[in-house]
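**Student:** Residue numbers (my numbering), protein chains in the order written: chain A, 1 to 230; chain B, 1001 to 1818.
Since the hints were derived computationally from the structure, they do not count as laboratory data. All values derive from a computational prediction rather than experimental measurement. Hints are not guaranteed to be accurate.
Claimed, not checked - What follows is a set of in silico ranges between Cβ atoms, one per label pair, in the way DEER data are often shown:
| hint | chain 1 | residue 1 | chain 2 | residue 2 | range |
| --- | --- | --- | --- | --- | --- |
| 1 | A | Arg95 | B | Gly1124 | 39 to 49 Å |
| 2 | A | Gly42 | B | Thr1091 | 37 to 47 Å |
| 3 | B | Leu1054 | A | Gln193 | 51 to 61 Å |
| 4 | B | Glu1204 | A | Gln203 | 53 to 63 Å |
| 5 | B | Gly1079 | A | Gln203 | 43 to 53 Å |
| 6 | A | Tyr84 | B | Lys1191 | 51 to 61 Å |
| 7 | B | Gly1079 | A | Val57 | 43 to 53 Å |
Even glycine gets a Cβ: it sits at the ideal position worked out from N, Cα and C.
Below are the chains, spelled out letter by letter.
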Amino acid sequence: MHKPHFELNWPLSLQHIALLLSVTLTPVCQAGSLQISVQEWGKAQAVPDAVLYLMPVGRPAAPLKPVRLPEVEIDQQQRQFVPYVTVLQTGTVARFPNSDRTQHHVYSFSPAKRIDQKLYRGRASKPVMFDQPGVVVLGCNIHDWMLGYVVVVDSAWFAQTNSKGEARISEIAEGNYDLMAWHPRLPEATRIQTISIKGNALQTLKIPLRLELPDPRPLPGLSHPAAAGY
Amino acid sequence: MKIGPWWRSLRVRMALMLAGLLSLVLILVVVLVTFTDLRIYEQQAARELHSGELVFRRLLEQNMRQLTQSAVILAADYGFRTAVASQDPLTIQSALINQAQRSGASLLLFTDLQGQVIADTRRGLEGPMTPTRFPLPLLLEQARQKGRAAVITGMQGQLMRLVMVPVKSPVTVGWVTLGMAVDHRALAEFKSLTHLEMSFVQREQGWQMVASTLQPGIQQDLLGQVQDWWLPRQTVQGVAYQSRLLDLNVDQPAWSVTDLRALPQPLVEASPAHNRLSTNLVILQRPLDELLAPFRALQSVLWWLGLLIMMLSLLASVYLARLVTRPIHRLVDLASRIRDGDYQHQIERPGTTELAVLADGLSHMQTAIADREGKILDLLYNDPLTGLLNRAGFSHTLEQALSRPYQDVVVVLLNIDRFQQINDTLGHRFGDQVLQGMAQALTRMINPLKGQVARLGGDEFGIMLVNGRGQLEKLLDELTRSFDQQQMISEKLVDVRASLGIAHAPVHGGSAELLLTCADEAMYEAKGSKSLVAEYHPGKQQFREEHLSLLGDLRRAVEHNELMLYYQPKVNLRDDSVTQAEALIRWQHPERGFISPIAFIPYAEQTGYIRELTRWIICRGCADAALMNAAGKPMRVSINISTHDLLDPTLVVCVEQCIKDAGIEVGQLCLEITESGVMDDSGRALDTLNQLHQLGVPLAIDDYGSGYSSLAYVRQLPVTELKIDQMYIRQVAESSNDAMIVHSTIELAHSLGFKVVAEGVETDAVRQVLDRLGCDYGQGYFFSKPLALDDLLRWLGAREAGAPSEKAPASTSEPPCS
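Extracted from the complex, chain B is given alone in its bound form:
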């Protein structure tokens, strides 16, 4: 199941949408409140600044009035006027200093009617008394017009209040200017009265700070901001201020943006028309921090509240989303369970209507799929004849049992002995009844043991027991007892026996296939040893483990010609000639060295690779036969083929092709079939044999006597030769019993027109017995071990040369097999 990115999930989307909407509303509220509050506080600051300005102006006015009074009283002083009347600058100067000491003035000037400063307290009494121009001509001008003038201005780095009044005696004879410095105490008082910062700036070749309630460091910063444009809000060293600019010269409140460029140039250049004395500005500043403190608190409460609401809304939306998504997840879970084949899960019906409908639909689907799958599994896994599981079903069940950990699983493979014969002699219907009877018997035995019985095919049954070593004993006991009795089937008493192979998991293998193979091997061992039961022998495990790599190696061996054919000659016992040899495959592995055919042929048979192997052998055999022809030693080459090969419909074509390619006679290739090979699925095997026969290929029965086939049966086959199994031959010299069997077999075979070959001739005694019994050919170590082609040719050469006197010379022309 492909899951999209996380943000595509319904839950996340719902949460985001809900939380997003709420956040939007919250942000709008916060923004609105912020703006409104800011406006309110701005207005409050503006009001405070305005009233601050009024206070400032009122204070200044009072101050100036007092100062003017002082100046007037001073100017009216008779002694002073007398001094002025003396017209002696030094006298006037001394009188001024006297007056300054009396009044506490910081500065006193006496200016004559022409605007010349006659006396100045700053000069003292020692310096020259040269008249100078009055430094504030506009002040003088205003005094002339209005009879008095006052100004507050910076003078020599000090903030100074200046008043100018006439000296009358009794008409105006000159002007007295009285200056009083504004000290920091006055500024501090103003600040404590209004909570405003006040700064006095003056333009005189750039703006200068004359006096300020601000900290000295901040003053310069503020001055830096007094440029061409003045804004009512400024931040000075991180502190926000709202401010108001007072032009002391012009009665005009500087509110909002003031263009300082519109103010007149410094004093000396100012035109009187503007009625401005100087460019003296007072900046009143309201620090917004303390004003904004409650607002900031409200704002932070709002933000926290917003955060809280957002979290809550997030939680709520998650909860809401889960109302929807949790049932969906459950449904998805159900769907994946259904996908994995679990149809037992009961679905919880969600409360939401739409989802409930969906859940019902899924539930019905689950039931329907379970039903259908049950039917399919029935067809797939069940054997219609016995009603048991078939091989596929058994494998499936076995795999399931194996997939559960920490379980002992025992697999018993049961093969009914001689079932072919039962079928042949008593009919297939009866055979079926035997199988059904066996199935019932096994089911009856297994059911209490909580095991599983299956018919794996033909006459083979599989039994699985879980955690049941003790149960296995019980089962074997019961089986033994049942095999000891004759069974009544269709009113006939039959003796039904079976061979059992046992394999244990996990000791012998972890997969169903491996266990079945093990049990199979054990079963064949049991059959071979004619005992009822054989347990898989772990010693063979190693051998089997090699199989997998062997298969790969075998393929490579075929490709790289690591395989070769050795030939064991068949000696004509009549005339001692050698015109036939059995081809035996040999594998010289580059790492493991010589590998016996017993090690890989069964495995090749199991995997089906035997077909390719057989083809290779046939082709090589044909090619070798051609080489023998070329060497002047024409031979008939016998090649073993397996049951698998006989079931391969292309075998005939292949044989034909190989013979043609090699350019040998058809009769030079003889195929040997084990008798058991023909017994299974005799129909198709027989077809193949017939076709080969028609082609003219001689056929032989190998290992005759190892199986249960009767000569009567063999007679039906298009064969020309019987090879008697070596187990009868080895003891034929000692055992009269064996000699009798061999003798009768030879007699019978001859009477049926077969040539007889004896395998395993190891001693001369045996050879002589066989010769006496009328056996046609002998094969074995007594004559020769299997030889490589070159060795064979050499051996043949030596034999021709060394033993021509012993028997009649071998004819090169081979007696036909057929």
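Next comes chain A alone, as it looks inside the complex:
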């Protein structure tokens, strides 16, 4: 999943200059970019694992990229889902390769996608097609503390903040979009603001996010609700 980002990021400086030129010179049908950094509301603290995506306003989004979507892997390492949060476009297929030596029993009761798949070591898992938008919460029936999110969006323009809270969405077609944000500590996906994309311009945004919920991940170690007393 890192690959497409690199592909996008490499020509960044050239594109940046071109975008600036196109904006100042002639409006040509070109792709814009968004550089977003997400911080926690009221705190100068970067928020990782935030999902940002753009929903076209007024018309269905016309994909610039080819329709064939890449296959995504959600691995199981050290009895954790890696990555913790995965964002993908509707119709994307994901696999659960299981790098652990233990078995897992991945499940999801989320309406967007029901999953009930036992993962054995060394045996290829069945690919799962996420065909409906929504948040799919992944759990393991063997290891209660394992938690992972798959955010399925009806959009080709999405990104996910890194550990510094930064994300970039590129090759955005001209038009008006709603910038949406999602995070495990938000009750649902939230519209941040409307973005207008023109030409190859690179817009920079700083988004404060009010994280209402506690971190749903259990504390590290063999934490168990009963151990904390009542």
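Dock chain B against the given chain A, drawing on the hints supplied.
**Tutor:** Quick look at chain B alone, frame taken from chain A:
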């Protein structure tokens, strides 16, 4: 002796003070011990309550932890989560019921993230599946904040433990609430573990009892006490408890007074800021009875001990007090003995120094008083001439003898015959010697008989013998023998004789005075009958008993004019005229009828009332004389007066006054005196007679010949008339002897210038003899019996009318007496 109230006594005061002080100390000790012990037991109860609370909390915590674990396991069940994920209420409900059956939970709820109860095991599978609001929003709130929540609360009348845990799949999709009822077994277990009573109360429109280890009846009582204020001590149906209030919502031990008003209102109104889920209170109670049992035992031992000590101290103080008061009582007793005249009592010297001094003082006082009283008694009771007791002493001794019961007491009254003559002829000195000789003789006779001799006055002696009838015979024998011999006194031989009167107690009287009177009467009887001895005749007792009432009657008689004067005429034997009459008193008693003067005159003489009587007679006599004058029959009225009257210095004045008041001549009143009357105390009697004589009142000697007076003696008296005693007159016609005596008496009297009156003229023969012998007047039944005034006047009238031829007519002018 006046004795104050009992509490003023020294003994009581000492006892009270000692016992009071001890009681005070005891009470202080008991109070101190009580308070200290109570504090100790209170603290112990508090400690037990505190540890009870710890146990309670620990148990609850463990319990809740287990419950939470169950709930967590339940919530993590994959099947259950699958059911939840189905979002079909009926499926969820069925899954819940399934879980409840598995876990044995009393209650299971599934609540979604919005706080709506989706499923509830209480609903069953039939009812509507309408979501409702979760009933314990604060529990939900806490679960949201902390990931889980637990509470113990009353729910539908049951004490319920509730835990709330999230359903994670794997993020929280809802909440499961697991409820487990607390049954009575758990409560009983807690009670047996801690010995504490536990009650769970809840405020929901007033306080309600949810569960309790107390008996159901007591529960309501306790609930009644859970009001606004809570006190750590309460009594529920007579059982005292110390208690501790646990607020299950707030970690704050409710010790001492808790203001329940500060607790939040019922659940729905509670503000989350207080972090309180409900107003659930647990009351832990320690019954003090069993805790206090040893203390109560100690207390009762203390009280009994106190009582014992108090009694002992009371006894000790009584004993102590008696150490002081008993000798004092003895001294008081001694003092009252001294007061009563007992000086013989030997005092026991008390051990206490001060009291010993007091006792010595009393003892000396006793001796001194005895000495002085002895001297006074000597003066009072003894006759200086003979050394015998005097009348007062004799009376005293006699009374003492009489006061001892069951004793015969004999009183002998001895009167020396003719002592006056001895005195007159041989001199007073000799008379005294006669008396002394008699005293010695009597003493000599009486001493071996253990009797008492006294000189009662003049020539009268009294002898008292106790229990001695036989001794009396002996005494009389001895006296008779001694009287038969002539006594040698001052080298002169004299013939001393005496008359004796005897009275016995208690037969003749119970008092000294009565006995002496009886003996006196008997003695006079003896004298009269010229015998040596006469015993008091009980037949006269009746007569004497009347005296007392007679005296009262006599006074009344004088006041009510029951008395009247009868007149017996004296007839002039020369000319048969009647110009004199003797007034004789008559008493017509309203109840007893006629009472003879012999019945009351002696008694009047004894009591001294004779003086008043005499005055009355004199006045009435004078008044009657005035009436006679008025009737044209002037008479000389003769009135008898007694020795007592002669000793009365006011008699003369009285006579003078009466004569003046009546308006009669002085010579119309003649006073007659018995010869014995003049013999006694002749000095003063003679004075009176002289004064009367000077006044011009004629005087006569009555009953001449009954005594021992000689004409030579009578000659000295200022009298003009002699009345010869009737005992010489009655036989004068038959006895030449008597005629001779009467004749010589008349001759002598005439030669001395006296008129002679003969009393007791009952026959004409007597009258003729008297006439022949030269007697001047005659008086008696032959002429007339005593007559009332009217009858007398009538008699005089008839005599004047019927017998004028017999003698020369009576001259109205009376020959003067003098």
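**Student:** Tell me, which hint numbers fail for this structure?
**Tutor:** none
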